[in-house]
Amino acid sequence: EAQVTQNPRYLITVTGKKLTVTCSQNMNHEYMSWYRQDPGLGLRQIYYSMNVEVTDKGDVPEGYKVSRKEKRNFPLILESPSPNQTSLYFCASSFIAFANTGELFFGEGSRLTVL
Amino acid sequence: ILNVEQSPQSLHVQEGDSTNFTCSFPSSNFYALHWYRWETAKSPEALFVMTLNGDEKKKGRISATLNTKEGYSYLYIKGSQPEDSATYLCAFYNQGGKLIFGQGTELSVKP
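Chains as they are written, first to last, in this note's numbering: chain A, 1 to 115; chain B, 1 to 111.
Just chain A, same shape as in the assembly (with noise of 0.2 Å):
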């Protein structure tokens, strides 16, 4: 079955506990992406990749960091998280790399608390 696996789905950590979510795909897409969701702000970027070992910063880079270290892959890391990133996270991928007219299949999300 096509997917996009995210790990884990809910987590409750404390501030500067470095800690990673792992995305999967197994459709062999090119692009994929991070987002987060927070009441009233919608879907926003954090991080995207369009190849392996290519990567670009979106809307909300700060705090965040990933690696595309291989095709399926593509964590996203908190080295010291902070309340503030709190919030609903999405990793999605598409097939089309550069043209991106292809569309996004989204994770199931993770839900992240940072008390």
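In short, the hints are calculated from the structure, not lab data. Possibly wrong hints are sitting among the right ones.
Derived SDA-like pairs (lysine to any residue); straight-line CA-CA distance at most 25 Å [claimed, not checked]: (1) K42/B / E1/A; (2) K98/B / V13/B; (3) K98/B / P39/A; (4) K42/B / V54/A; (5) K42/B / G16/A.
So the derived label-pair ranges between C-beta atoms look like this [unchecked claim]: (6) E15/B / L41/A: 26 to 32 Å; (7) K57/B / E108/A: 25 to 31 Å; (8) K65/A / K69/B: 35 to 41 Å.
Calculated Cβ distances over 12 Å to all of chain A for the following chain B residues [to be verified]: (9) S27; (10) S63; (11) Q81; (12) T87.
Idealized CB from N, CA, C, for every residue including glycine.
Put chain B on the given structure of chain A with help from the hints.
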């Protein structure tokens, strides 16, 4: 900062009503306009990806139009059903490589 605006923010209709929403986006450096349907507790799912001025797309009772010169897209739902209740998102992709989402229109269809 590129702005994608959706209106209305929320909409309450009766079963059987037809309805439409608007997505406004920058008319310069246009590459594609996406529409997604997002049900509560689920992930957004793609409805349409539109790239050409004048594009019209249809999926069942849902259709969309695109005007890239003036920077807007309409989403229409004919004969709304309770299962159409969801948040409808549009997203603008420009030549810079970013996909920017609007805040969405939350639709509630009462039986």
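A quick look at each hint next to the structure:
1. Our distance criterion of 25 Å between C-alpha atoms is met by K42/B and E1/A, whose separation comes to about 17 Å.
2. About 33 Å separates the Cα atoms of K98/B and V13/B, which puts this hinted pair outside 25 Å; it is violated.
3. Under the criterion of a C-alpha separation no larger than 25 Å, the hint pairing K98/B with P39/A is consistent with the structure, at around 21 Å.
4. For the hint linking K42/B to V54/A, the alpha-carbon distance of about 29 Å lies beyond 25 Å, and the restraint is violated.
5. The hinted pair formed by K42/B and G16/A fails the criterion: a straight-line CA distance of about 29 Å is larger than 25 Å.
6. Checked against the hint of 26 to 32 Å, the pair E15/B and L41/A passes, with Cβ atoms roughly 31 Å apart.
7. Separation of K57/B from E108/A is about 26 Å and conforms to the stated range, judged on CB atoms against 25 to 31 Å.
8. Checking the proposed 35 to 41 Å range against K65/A and K69/B shows it holds: the Cβ atoms sit about 39 Å from each other.
9. Residue-level check passed: S27/B sits 18 Å from the nearest beta carbon of chain A, beyond 12 Å.
10. Even its closest Cβ contact with chain A, about 17 Å, leaves S63/B beyond 12 Å, as expected for a residue assigned away from the interface.
11. Chain A leaves Q81/B outside its interface by the beta-carbon criterion, the shortest separation being 23 Å against a cut-off of 12 Å.
12. The claim that T87/B lies off the interface is violated: its Cβ sits roughly 9 Å from the closest Cβ of chain A, which falls inside the 12 Å cut-off.
When the structure is compared with the earlier hints, violations turn up for hints 2, 4, 5 and 12 and for no others.
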